Amino acid sequence: MTSSPHASDAEDLTIREAGQADLLAVFRIEKAVFPQPWPFASFEQFLGKPGFLVATEDGAVVGYAIADVTTSAGRDLGHLKDIAVHPTAQGRGIGRALLRRVLLSMAVAGASVVKLEVRESNDIAQSLYDDVGFERVRRVPGYYDDGEDAYVMVLDVADWRG
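Mapping of the sequence shown onto the working numbering: residues 41 to 202, in sequence order.
What the hints contain is simulated information worked out from the structure, not anything from laboratory work.
Note that this is a predicted model, so its numbers are computed, not measured.
A virtual CB, placed ideally from N, CA and C, is assigned to each residue, including glycine.
Treat each hint with caution, since some may be false.
List time: in silico EDC-like cross-link candidates among lysine to aspartate or glutamate, alpha-carbon distance up to 16 angstroms [unchecked claim]:
id	residue 1	residue 2
1	K155	D170
2	K155	D98
3	K121	E157
4	K121	E70
5	K155	E175
6	K121	E97
7	K71	D122
8	K89	D52
9	K155	D122
10	K121	D108
11	K155	D108
12	K155	E97
13	K89	D108
14	K121	D98
Here are the simulated distance ranges between beta carbons [what the hints assert, rightly or not]:
id	residue 1	residue 2	range
15	W78	G187	17 to 25 angstroms
16	G173	P127	21 to 29 angstroms
17	V177	W78	18 to 26 angstroms
18	F80	S167	17 to 25 angstroms
Can you make the complete structure from the sequences, with help from the hints?
Shown next as structure tokens:
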């Protein structure tokens, strides 16, 4: 299924590449949102890469996304690795805006398809991904360290390069 990068409902939102000064805020959001957060060092390895974006309001980081593009079987594949919005900022379109921006950045970088993994229990994220046009392609039993299953979802972004 395909979708297109439309604007978000979030107002006064800035989305930009993450910098060193954003890491602590990103890590705090990660810990507030996920039951098994990434370690701080995981975020450091993505600094300076175009797929590491932060969303800010009035200069404060309220969300982030991490993605990359790799070549697999002769074609470029985007991978959304992590995306989160601070609990106090959820429900205002920030996640949707971040998702669309990071998907566009992967399309521009050459990805024709983007994949992600999402917890089976994360209904809110699944709903967002469904709305944007992602499709479930398989379920991976015991994907997460705590034994929870994941859905692998994919989206065709080839037309997003426009």
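Mind checking the alpha carbons of K155 and D98 for me, to see if they're no more than 16 angstroms apart? violated, 31 angstroms
With a cut-off of 16 angstroms on the C-alpha distance, tell me whether K71 and D122 pass. holds, 12 angstroms
Can you let me know if the beta-carbon spacing of G173 and P127 is within 21 to 29 angstroms? About 26 angstroms separates the Cβ atoms of G173 and P127, which means 21 to 29 angstroms holds.
Note whether the CB distance of F80 and S167 lies within 17 to 25 angstroms or breaks it. violated, 29 angstroms
Is it true that the CA of K89 sits at most 16 angstroms from the CA of D108? holds, 8 angstroms
Hint consistency between K155 and D108 [alpha-carbon to alpha-carbon, up to 16 angstroms]: Within the cut-off at roughly 10 angstroms; holds.
Could you grab the alpha-carbon distance between K155 and D122 and see if it respects the 16 angstroms cut-off? holds, 11 angstroms
Would the hint linking K155 and E175 be met if the CA-CA limit is 16 angstroms? Status holds; Cα separation ~9 angstroms.
CB-CB spacing for W78 and V177 relative to the 18 to 26 angstroms hint: Between V177 and W78, where Cβ atoms are some 24 angstroms apart, the hint holds.
Is the straight-line distance between the alpha-carbon of K89 and that of D52 16 angstroms or less? violated, 24 angstroms
C-beta pair W78, G187: status relative to the range 17 to 25 angstroms that was hinted: Distance hint for W78, G187 holds at roughly 18 angstroms.
Verify the proposed pairing of K121 with E70, using a straight-line Cα cut of 16 angstroms. holds, 12 angstroms
Hint check: violations occur at hints 2, 6, 8, 12, 14 and 18; the rest are consistent with the structure.
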